[in-house]
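Chemist: Given chain A, put chains R, E and Z in place with the hints provided.
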Amino acid sequence: MWRPCGVIDETYEQDLAIVRTFPQWTLTVAALGALALLPAYVSGVTLNTVNHIAITIVALHGVNILTGLTGQITLGQAAFMAIGAYSMEMMVRYWGLSFWIATPIAMLITGVAGVIIGLPSLRIKGFYLAMATLAAQFIVPWIIVNVRPDLTGGTDGLTVSPPSIGGLQLTSQESIFYLCATVAVFSTVFARNIARSRYGRAFIAIRDNDIAAEIMGIAVVRYKLLSFFLCSLYAGLAGCLYAIWMRGISVEHFTLHESIWYLGMLIVGGMGSVVGVILGAIMIRSLTILVTYIGPWIAVFLPPGTGTVLELGLGPIVFGVVVLAFLIYEPHGLARIWERFKAFYRLWPYSY
Amino acid sequence: MKRLSLSLVLMLLIAFFCMQASCFAEKPESISIGVMGDFSGPYAPVVGPTRPGTLDAWQYLNKEAGGIQGIKLEPILKDMGGKVDVGQSQYNELVSMKPKPIFIDMYITPLAAALRNRFVEDNVVSLVPGAGESLYPVGNSYAYYALYPEQIGVVLKWIKDNWKKKENPKFGIITWDTGYGRAIVTEEFYNWAEKIGVDIVDTQLFGIRDVDLTPQLMKLRAKNPDYLITNSTASGPLAIKKGLKEMGWDIKLINTSGGDWGTAALDPSLFEGDLVALHVKSFDEVDDPSIKTVMTYFTANNRTEKDKSLFYLVGWQVALLEHKILNQVVKDHGWKGLNAENVMKELNNLKDFAPLEGITKMSYSEKRRSPTVARVYKITKGKFLPVTDFVETPDLRPAKFK
Amino acid sequence: MLFLQYLVAGVLTGGLYGLIGLGIVIIYKSTKVFNFAVGALMTFCALVCVALVTNVGLPFWLALPISLAFAAFLGLLTERVGLRPLLAQPILTLIMATLAIESILYGTMLLFWEGYTISFPQGVLPGQTIFLGPIFIPHEFLYAFIVATACFVLVGVFFFKTQMGLRMRVTAESHVVAMALGINITRIFAMSWMLATVVGALAGIFIGNRLGLQVAITPSLAFKALPAIIFGGLDSLAGAIIGGLTVGILEKMAAGYIDPKVAEITPYIILLLVLLIRPQGLFGEERIERI
Amino acid sequence: MLVVQQIEVFFQHVIQVLKGVSLTVPPGQIVCVLGANGAGKSTTLKAISGLLAAEDGRVTDGLIEFDGKRIDNRLAHDVAGMGITQVFEGRRVLEHLTVDENLRAGNLGGTRGMQSKLEQVYSIFPHLKSLRKKAAGWLSGGEQQMLVIGRAIMADPRLLLLDEPSLGLAPLLVKEIFATIERINREFSTAILLVEQNAARALEIASYAYVMENGRIVMDGEAQVVKENPDIKEFYLGLGEFGTRKSYKDVKHYKRRKRWL
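Protein chains in written order, with our numbering: chain A, 3 to 354; chain R, 3 to 404; chain E, 6 to 296; chain Z, 2 to 262.
Excised from the complex, chain A in its bound form (with noise of 0.2 Å):
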C-alpha cells in the first residue's frame, strides 16, 4: 500500500477506504464506466473471451487468497468448479429453483467440500498438499461420471439453460457480460478486503510460518480452513458462472491441466496481490485464444501446403516461449511491473 507523500489518513473512515484519493475516484469511475461501455465498442467474440476472463479472474481470486496468501498449494480449482457448476444445475433442474437462488447454494456447497478436501492440510505442507488436492482433481470428476449418471448425465454432462432476470434471458455475450463483470468486481472488492483484513494477515502468517503463527496465537487450523473454504467458494461461483457461459458442462471442461494453469496465471501475475490476479488472468487468457490466430497467421507467408502443420504446431509453442520469457525477465510477475508503472508515472519526469 504505497502512496505518493502528503495523502494522510485523518478519519478512520479514510484509513479502510480502498479508494482513497480524488485521481483514484476518478481513475476507478471511469474504468468502471469504460467497463460498462465495453460490449458498445467490442465484438461479439472479443467479449466472449472477456467474460471468459472475468469468471477466470473470479475464480483466481480464490486460488490467490489459498495459494497466495496462505500459501496451500492447490492443483484442483478446476474441479472445485465443476462441483459449483454440476451442484448449481442439478438443483435448477431436478428442483426448479432460479439461477439465483442456487448459485448462493452451490457456493456453499462448494465450500463445504474444500473444507474436506483441505482436511488434509492440517497435517502435511508444501507439495505434499498439491498432491492431496491433485487427488480432488481425479476423484471429484469420477463421481460426478459414476455415482449418479442418470442426475449428472455421466460423462455426457447437461446442458444449461440461460438463467434470466425480470423476464429478460441472458443469453447473449452482452447480458452474460454484465453478469460476469458485475461479479468479478464485486469478488475483487471482497478479495481486496479479505487481504487487508485480520483474516487477511492472519492468512499471510500461516503462509510465512505456521508454527510461529500458532505460537503468536492464530489458531491455524481454523484459518487454514477458511481459506481452504473461502477459496472453494470463489471456485463455487466461478463455476456457476463457467455453466451459464458456456451453455453446457460435463466433466471434460474441468481438467487438471485448467487447474494447473490457474496456479500458472497466479505465478505471472504475481503471488499474493490482487492487481496480479486480474493481469494474470488476462494475460493467460487472451494468450491463449491469441496463439489460435498466430499459426494460421504466418501460413498465410508461407508456400501453400507447408502451412497447414504450422497451424498447429505454432500455438502452443508461441504461448510457452511468451510464458518462459516472461518468467525469466519478471518472475515477481506483472503486479510487479503494474507498481513499477505506477512509481515511474508518480516520479515522472525524475526518475529515482
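Note that these hints are calculated values from the structure, not bench results. Hints are not guaranteed to be accurate.
[Unchecked claim] Over 12 Å on every C-beta distance to chain E, these chain R residues come out as not near it, computed from the model:
1) E123
2) E190
3) I202
4) I210
5) N226
6) K247
7) T295
8) E348
9) N350
10) K363
11) D397
12) A401
[Stated by the list, open to error] Below, simulated DSBU-like cross-link-like pairs (lysine-lysine); rule was C-alpha separation at most 35 Å, straight line:
13) E:K266 / R:K225
14) E:K166 / R:K380
15) A:K127 / E:K266
16) Z:K228 / E:K37
17) E:K266 / R:K221
18) Z:K135 / E:K37
19) R:K404 / E:K266
20) Z:K130 / E:K166
21) A:K344 / Z:K118
22) R:K162 / E:K266
23) E:K37 / Z:K118
24) A:K127 / Z:K130
25) E:K266 / R:K254
26) E:K266 / R:K308
27) E:K166 / Z:K135
28) E:K166 / R:K85
29) Z:K134 / E:K166
30) A:K127 / Z:K135
31) R:K159 / E:K266
32) E:K37 / R:K172
33) Z:K118 / E:K166
34) Z:K234 / E:K37
35) R:K402 / E:K266
36) R:K167 / A:K127
37) A:K127 / E:K37
38) E:K166 / A:K127
39) E:K266 / R:K247
40) A:K127 / Z:K134
Glycine is no exception: its CB is placed at the ideal position from the N, C-alpha and C atoms.
Modeler: Frame of chain A, contents of chains R, E and Z only:
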C-alpha cells in the same frame, strides 16, 4: 526490463488487432462454412484427417461442381487444440461473421454437446458426430454417420443372420470409459440385442490411458463370448488386441467408425479378420468410381498414408452434403431464402442421397437426425473388404425421443 | 489362480509406473522441481526413436541408444534454456517454467508428427508371451519391468555410492551449502535433467510400443505415475519403484475384484489415505522441523 | 592472503548494503569482524565466498583478492575450489544426510585422503563419531555447529569464513567452540575470518579486529588495542570506562551515540 515489458504489451496489442482484423477478412463473394475440430488435441488421431478431406472436397466442389451457382464456397477451419473454451470462442467468432455461415461442422463431441442449444439460438445448422447427446432432443444438429450403437447393430444383425449354431451368438463388450466409449452402452442397445436373439454376456470398461487390460479380458474370457465389441479408437483397440494376443485368446473384435484404416494401420497383423461398421465405401475398393474421384484429389494434394482414414472421407461426405443442400435451397428459394429454416427443411426431406456415385447414403427426417445406413467390413491383410452392401441400421435412438 | 494373474499384471504395469516415477523423483530430489514436462519429454524421445526406425530405417538396437542420447541432449537443453535462467527463483516459478516447456515441446511435436497416433513397426520388441502354467507373462511388460529394475539399481548405486551421487544429494538438501562446498550446482541440475529424461525416454518407448504414441494423450500418461511417487515418497528412489508396483497391483486387484471403473481412482484414494497417515509417503524423508 | 578493498555491495540493484569495506586477512591468523545486527558482516562474508549471486546481490565497486587473484563476483564453487570455505550462520547442516555423509560432502574435491581426513575431524570432535550414522537434522544445536565446522575442515581450507558460530548456544558450548576454532587455527595453520557478536570471546582468540556499522568499517586494530578502546568496552563488551560492569541504568545511549569517524 522496462523496455521488455513495454514491447511485450505492444506485441500483445498488435496481435489483438490482427485478431480483430481477421474477423472481417472474408470475401463477400463467397459462402463460408465453419469447420471446427480437435485437429491437434487428444481426438486428433481420429478427426485430424478431416482437415485435408474437407479442403480436398471443397476444391473439387468449387472446381468441378462450380460452387453454388458459380459462387465459391470457402471452408473456415478452426482447430481448438483440445481446449473446450478455445472452441467456444472460435464458435462465437464463426457466428459473429458477416454473413454468418449457415453450416458449422463439429468434429468434437463434447463441444457439440455443450453448444447444442446455442445452434438453435444462433440459427445455424451443425453437423456433429453420431453421439446421442448432441442430437437429442431434436435441435439444429445432424449427425454425419449413424449412432454408434446403430453401427454395431448392423454387424450384430449380420452375424445373427449368418449364424449356424443352435444357441445364440454371445458378445462381450469392452469399451473406453469415456463419453465416446460409453456411447454404445445404452439401454436401447441391450434391449434390441435381446430382441434379435444375441446375448451380451458382459460389459467391461477401461481407461483411455490404461496400458494393460488383463483383469477386464480375464473376466470376459470367463464368460466365453464369441465376439468382442468395442467403441474405441487408435490406442484403445490396439491395447485390446495386444492383450488378447498375449493371453493367447483368438477372438475377433467388432468396432464402429473408430476402428477405421488409421487404427488398423497401427499394426495390421493384429486386426486380421476383425469386423468394422463404416458408413462409407472403402479406400480398398480401388475400382469404385467414387473412390477413384476422391483418390485423384488425395494424390494431387500429396496427402500421406496417415490421412487415409474414415474422417478424410467424412470431410468429403459433409462437404458434398452441404453443397447439395445449399444448392437446392438457393434453387428453390433464391439467395434471399438461404437461411437455417430452409436448410433444415431441405435436410429433413433428404432421402437416400448418394453423392459421388454412391460413396455413402444419407437420409434424415424431422425426428431422426442421423443417417441410417452402414456397411460391414472385414479386415483382410490390412485391407477393408465389404461383406455387405449399405444396409439399413436398426433405430436405436434414445427411446424417449422416438 | 486369477489372483496370481492379477498380481503378475499389476507388478508388470507397476514397473512401468515406477520407471516414469523414477524420472520425476530424480529431478525432484536434486533440484526440488516437480517436472510437469516429464510426459512431453518422454513422448518426444519415444517419437524420435520411432522416426529413427521408420523414417531413417535404422535397426531398433541402433535407434535405441541414439534416441537415449537424444533424450540426454533434450534434458540438457531443457535445463539450459528453461531452468538455468531461473536459478534462485521461488520453486513455484520453476514448476511453471516446466509447464511452459511442456507447451513448447507439445507444439514442436505437433510440427513434426501432427495429431496422429504413431506406432512402432511390428516386431521391434518380440511380442511373445511366456506361459507359466495358466499364468501368462507378456514379453513387452517383462522387458519394461526388467529395465525399470535395472534403472532403479543403477540410479541407486549412482546416488548412494559415487561422489557425483553425494554431490546430487547435497544439492538436494541445500543449494547454498552445496555452492559453498564447491559444488557446481548448475552442472548437477543439468546432470539430473539428463538422467531423468533418459529414464523417462525408456518409459516412453515401452508405452509407445504398447499403445502407440499420440502427442496429446501420451504425455498425460505420466500422471498415472503421480500416486505411485506420492505413495513411495517424492524424494525416494526406492519409493518410486515400490510405489509404482504397489499402485500397479492395487489397480489390477481393484479392476479384477471390484470394477474396472473403480480401478481408475483407486490410486488416488490410496494417495489420500497415505497422505493422511504418512504425509511424507512410505519412504520419503521425514520433514525435520525444529524451532 | 585475503585482501578486500573498498567493496560496495548492492542487492537487487537498489539496496546498498556495503559502502566501501576494506579488510585484510594475513595467512594463518584469526581476524574477527564485530558489529551489530544488520551491520553487513554476513554480507561481507558472502561477497568473499561468492554466494551473493544466490540472493540477487553484486559487488559493484572495489575488489577482493585472494592470493593475488581477483575473486569478486566469481562463482561460489570456483571460490570454494581455491580454498575458501564458508560456515554459515545458523548451522546449515544437510539435514537428511547422516553425519558421516555430511562430513564426506565437505571433501568433494578429491576422494584421496578422505578416510584420514575423516579420522582427523573425529579426533577433533570425538562426540560426532558416536553419531556418525544419525541424520544430521536430529542433532542438537551444539552438535550441529561442530558438524558444520568439521565439514569445513574436511575441505582442507586455507581460509575459513566463520559466521557467528556462537549464535544460540549455551555459554559452555560457546567456550568449547572457540577453543576448537583456536585449535584448528593452530594445528592446520588455517587463516580464519570470524564474524561474531560475542565480542569478548572473539577478541580473545583473534589477533586483529574490525568493527562494522551500517555497512562501513568504523574501526580496526590489533585485538588487544581494540579491546582497550573505551567505546568498544562500552558498546560491545558492556563494561564501563573503568573496567567495571556498568549498571544498565547508567548507560545513556541516547546521549552518547558515538559517531565514528
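Chemist: With reference to the structure, classify each hint as holding or not holding.
Modeler: Now the hints, each set against the structure:
1. Annotated as non-interface, E123 of chain R keeps its C-beta farther than 12 Å from every C-beta of chain E; the closest such distance is 31 Å.
2. Remark: the non-interface label on E190 of chain R is consistent with the geometry, its nearest Cβ contact in chain E lying 21 Å away (cut-off 12 Å).
3. With a minimum CB-CB distance of about 17 Å to chain E, I202 of chain R clears the 12 Å threshold, and the non-interface call stands.
4. Listed as outside the interface, I210 of chain R is inconsistent with that label: its C-beta sits roughly 7 Å from the nearest C-beta of chain E, within the 12 Å cut-off.
5. At the 12 Å boundary, the C-beta of N226 of chain R stays outside the reach of chain E, the nearest C-beta of that chain being 15 Å off.
6. With a cut of 12 Å on Cβ distances, K247 of chain R falls inside the contact zone with chain E, its closest approach being about 7 Å.
7. Under the 12 Å C-beta cut-off, the non-interface status given to T295 of chain R relative to chain E holds; the minimum distance is some 24 Å.
8. The beta carbon of E348 of chain R is kept farther than 12 Å from every beta carbon of chain E, the shortest such distance being approximately 34 Å.
9. At the 12 Å boundary, the C-beta of N350 of chain R stays outside the reach of chain E, the nearest C-beta of that chain being 34 Å off.
10. Every CB of chain E is more than 12 Å from the CB of K363 of chain R (nearest about 29 Å), matching its label as outside the interface.
11. Here D397 of chain R stays apart from chain E, with its beta-carbon at least about 29 Å from theirs, past the 12 Å limit.
12. The Cβ of A401 of chain R sits about 25 Å from the closest Cβ of chain E, beyond the 12 Å cut-off, so the non-interface label holds.
13. With a C-alpha separation of about 19 Å, the suggested pairing of K266 of chain E with K225 of chain R holds against the 35 Å cut-off.
14. A distance of roughly 58 Å separates the Cα atoms of K166 of chain E and K380 of chain R; the hinted pair therefore is violated under the 35 Å criterion.
15. A threshold of 35 Å between alpha carbons decides the hint, and for K127 of chain A with K266 of chain E the separation of about 30 Å falls inside it, so the pair holds.
16. At most 35 Å may separate the alpha-carbon atoms for a hinted pair to count; K228 of chain Z and K37 of chain E exceed this at roughly 47 Å.
17. Proposed proximity of K266 of chain E and K221 of chain R is supported: the alpha carbons are some 14 Å apart, at most 35 Å.
18. Distance restraint check for K135 of chain Z and K37 of chain E: the Cα-Cα separation of roughly 23 Å lies within the 35 Å cut-off, and the hinted pair is therefore satisfied.
19. Between the alpha carbons of K404 of chain R and K266 of chain E the distance comes to roughly 31 Å, so the proposed pair stays at or under 35 Å and holds.
20. For the hint linking K130 of chain Z to K166 of chain E, the alpha-carbon distance of about 21 Å falls within 35 Å, and the restraint holds.
21. This hinted pair does not check out: K344 of chain A and K118 of chain Z have alpha carbons roughly 58 Å apart, beyond 35 Å.
22. Distance restraint check for K162 of chain R and K266 of chain E: the Cα-Cα separation of roughly 30 Å lies within the 35 Å cut-off, and the hinted pair is therefore satisfied.
23. Note on K37 of chain E and K118 of chain Z: the hinted pairing holds, with a Cα-Cα distance of about 31 Å set against a maximum of 35 Å.
24. For the hint linking K127 of chain A to K130 of chain Z, the alpha-carbon distance of about 34 Å falls within 35 Å, and the restraint holds.
25. As the CA atoms of K266 of chain E and K254 of chain R are separated by approximately 24 Å, the hinted pair is consistent with the 35 Å bound.
26. The hinted pair formed by K266 of chain E and K308 of chain R meets the criterion: a straight-line CA distance of about 33 Å does not exceed 35 Å.
27. Straight-line distance between C-alpha atoms of K166 of chain E and K135 of chain Z comes to about 18 Å, which keeps the hinted pair within the 35 Å bound.
28. Annotation: proposed proximity of K166 of chain E to K85 of chain R is violated, straight-line Cα distance about 47 Å (limit 35 Å).
29. Proposed proximity of K134 of chain Z and K166 of chain E is supported: the alpha carbons are some 16 Å apart, at most 35 Å.
30. For the given pair, K127 of chain A sits about 25 Å from K135 of chain Z by alpha-carbon distance, which is consistent with the 35 Å threshold.
31. Under the criterion of a C-alpha separation no larger than 35 Å, the hint pairing K159 of chain R with K266 of chain E is consistent with the structure, at around 29 Å.
32. With a C-alpha separation of about 54 Å, the suggested pair K37 of chain E and K172 of chain R falls outside the 35 Å cut-off, and the hint is violated.
33. Of the supplied pair hints, the one linking K118 of chain Z and K166 of chain E holds, its CA atoms being roughly 19 Å apart against a limit of 35 Å.
34. A hinted pair counts as satisfied when its Cα atoms are at most 35 Å apart, and K234 of chain Z with K37 of chain E does not qualify at roughly 47 Å.
35. Distance check on the hinted pair: K402 of chain R and K266 of chain E sit about 28 Å apart at the alpha-carbon level, within 35 Å; holds.
36. Between K167 of chain R and K127 of chain A, the direct Cα distance comes to roughly 64 Å. Violation of the 35 Å bound is thereby established for this hinted pair.
37. Distance check on the hinted pair: K127 of chain A and K37 of chain E sit about 14 Å apart at the alpha-carbon level, within 35 Å; holds.
38. A C-alpha spacing of about 31 Å is found between K166 of chain E and K127 of chain A, which places the hinted pair at or below 35 Å, so the restraint holds.
39. A hinted pair counts as satisfied when its Cα atoms are at most 35 Å apart, and K266 of chain E with K247 of chain R qualifies at roughly 24 Å.
40. Between K127 of chain A and K134 of chain Z the CA atoms are separated by roughly 28 Å; this keeps the pair inside 35 Å, and the hint holds.
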